[in-house]
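Trainee: Residues 1419 to 1790, numbered by our numbering, are exactly what the sequence shown covers, in order.
Read the hints as simulated data drawn from the structure, not as lab findings.
All C-beta atoms in this analysis are idealised placements derived from N, C-alpha and C, irrespective of residue type, glycine included.
It is possible that some hints are incorrect.
Claimed, not checked - With a straight-line Cα cutoff of 30 Å, these simulated DSS-like cross-link-like pairs (lysine-lysine) come out:
| # | residue 1 | residue 2 |
| --- | --- | --- |
| 1 | K1684 | K1435 |
| 2 | K1478 | K1435 |
| 3 | K1439 | K1478 |
| 4 | K1661 | K1434 |
| 5 | K1713 | K1603 |
| 6 | K1538 | K1713 |
| 7 | K1439 | K1713 |
| 8 | K1538 | K1603 |
| 9 | K1751 | K1684 |
| 10 | K1478 | K1751 |
Unchecked claim - Computed spacing ranges between beta-carbons, pair by pair:
| # | residue 1 | residue 2 | range |
| --- | --- | --- | --- |
| 11 | R1453 | T1675 | 27 to 33 Å |
| 12 | E1431 | K1629 | 14 to 20 Å |
| 13 | D1732 | G1452 | 47 to 53 Å |
| 14 | L1706 | L1546 | 28 to 34 Å |
| 15 | E1530 | Q1679 | 53 to 59 Å |
| 16 | D1632 | G1442 | 24 to 30 Å |
| 17 | P1599 | E1730 | 29 to 35 Å |
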Amino acid sequence: MRRLTLINRNDPEIGKKVLQKLAGLADQAARELGRPPVLMEICGTHTVAVSRSGIRSLLKDCLVLKSGPGCPVCVTDQSDIDRIILLSRQPGVVIATFGDMLRVPGTYSSLEQERARQAKAEIFYSPLEAVDFAEKYPGEQVVFLGIGFETTTPAIALSIRQARKQGLPNYSVFSINKVVPPVMKVLLSDSELGVDGFILPGHVCTITGRKAFDFISAEYNKPAVIAGFEPVDVLEAVCLLLKQIIERQARTVNGYTRLVQEEGNKKAREIMNQIFDPADVYWRGFGLVEGSGLKINRDYADYDASLRFPVEIDTVSSQSNFGCACGDVLKGKINPGDCPLFAKRCTPLWPVGPCMVSSEGACAAYYQYELS
């Protein structure tokens, strides 16, 4: 396939040519499988790109394109949301967070509601901004919510290292950081999922590298392609997956070579490994996933908010709002429109679950770009 510049990747005419090629490949793949091929993207940014560009609706007659657990806010377990709510109620605590987290509903409240009740929650665009805030307000206990995959975790690790360097006793991180490969293994082990190929997250792979996802093809015999985020990037990734399906191949291919390397960003991973250890953590919709979480290690335990401010919740009573199907959406079991609450009780103005709150949530993307 001809190498395209970033400008060309936004060219509708080039997109049309790739789309024509894709239609032929999809028809061949359908004949090979005896049904339309089913593909899944594992990235919230891809979810938005697919919906916003109209790719899903353009391809609906020739293949099925599902959204998986690619939104970090969405996969945060309800029990962790409830812990955050309790944490915000601690005297002297200021919750520092990315904006999406404010409106995520817990079992009984949200950060937005707690802020209306005088809890302190500040929005930051980077963890280092929260460190600066902690330095400026030494009388406040600043707790940064560590939510994200491999893409954002290095910056959170750096913030902890910087806080130690500055000798800040009032900065800590509540780590709910996760890594993608373990949950991919859970998806691949689900015999009922029926996915023929995966579009892998370009941002995550800039950190992990291509080789980190080789297991998809080597152990599970499924094709996978790392994709960029322009419409043509996604269409090209779909073409590469369809070719593998037609040829009965299973390889993990780097379709985002302008940014992703074989080994990824080793320095970023070194910083992560200095601060975090792997942990078994809960994902919304998936339950406990072994080795999928990142907890602050012993050397930096002074900056672990879960140790500094231990909060206890009843995990039995901590549950998603009644009728919310975010867990099934994240597993690719249903599309957002299949949820009985979608666009009725659950809207961006009054979200019932996190998939309608986050800017990378599948439900929010469907609502904004695909609701007819």
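Trainee: For each hint, tell me whether it holds in the structure or not.
Mentor: Hint-by-hint comparison with the structure:
Straight-line distance between C-alpha atoms of K1684 and K1435 comes to about 37 Å, which puts the hinted pair past the 30 Å bound. Distance restraint check for K1478 and K1435: the Cα-Cα separation of roughly 18 Å lies within the 30 Å cut-off, and the hinted pair is therefore satisfied. For the given pair, K1439 sits about 15 Å from K1478 by alpha-carbon distance, which is consistent with the 30 Å threshold. Proposed proximity of K1661 and K1434 is supported: the alpha carbons are some 18 Å apart, at most 30 Å.
The straight-line distance between the Cα atoms of K1713 and K1603 is roughly 20 Å, inside the 30 Å bound, and the hint therefore holds. For the suggested pair K1538 and K1713, the alpha carbons sit about 24 Å apart, so the restraint of at most 30 Å is met. Distance restraint check for K1439 and K1713: the Cα-Cα separation of roughly 45 Å exceeds the 30 Å cut-off, and the hinted pair is therefore not satisfied. Annotation: proposed proximity of K1538 to K1603 is violated, straight-line Cα distance about 38 Å (limit 30 Å).
For the hint linking K1751 to K1684, the alpha-carbon distance of about 35 Å lies beyond 30 Å, and the restraint is violated. Simply put, K1478 and K1751 have alpha-carbon atoms about 17 Å apart, close enough for the 30 Å limit, and the pair holds. The hinted range of 27 to 33 Å is satisfied by R1453 and T1675, whose Cβ atoms lie roughly 32 Å apart. The beta-carbon spacing between E1431 and K1629, approximately 35 Å, falls outside the hinted interval of 14 to 20 Å.
Taking the beta carbon of each, D1732 and G1452 are about 48 Å apart, inside 47 to 53 Å as hinted. Distance hint check for L1706 and L1546: the Cβ-Cβ separation is about 32 Å, which falls inside the suggested range of 28 to 34 Å. A beta carbon spacing of about 40 Å between E1530 and Q1679 contradicts the range 53 to 59 Å that was offered as a hint. In this structure the supplied range 24 to 30 Å holds for D1632 paired with G1442, their Cβ-Cβ distance being about 29 Å.
In this structure, P1599 and E1730 meet the distance hint of 29 to 35 Å, their C-beta atoms being roughly 31 Å apart.
Hint violations for this structure: numbers 1, 7, 8, 9, 12, 15, all remaining hints satisfied.
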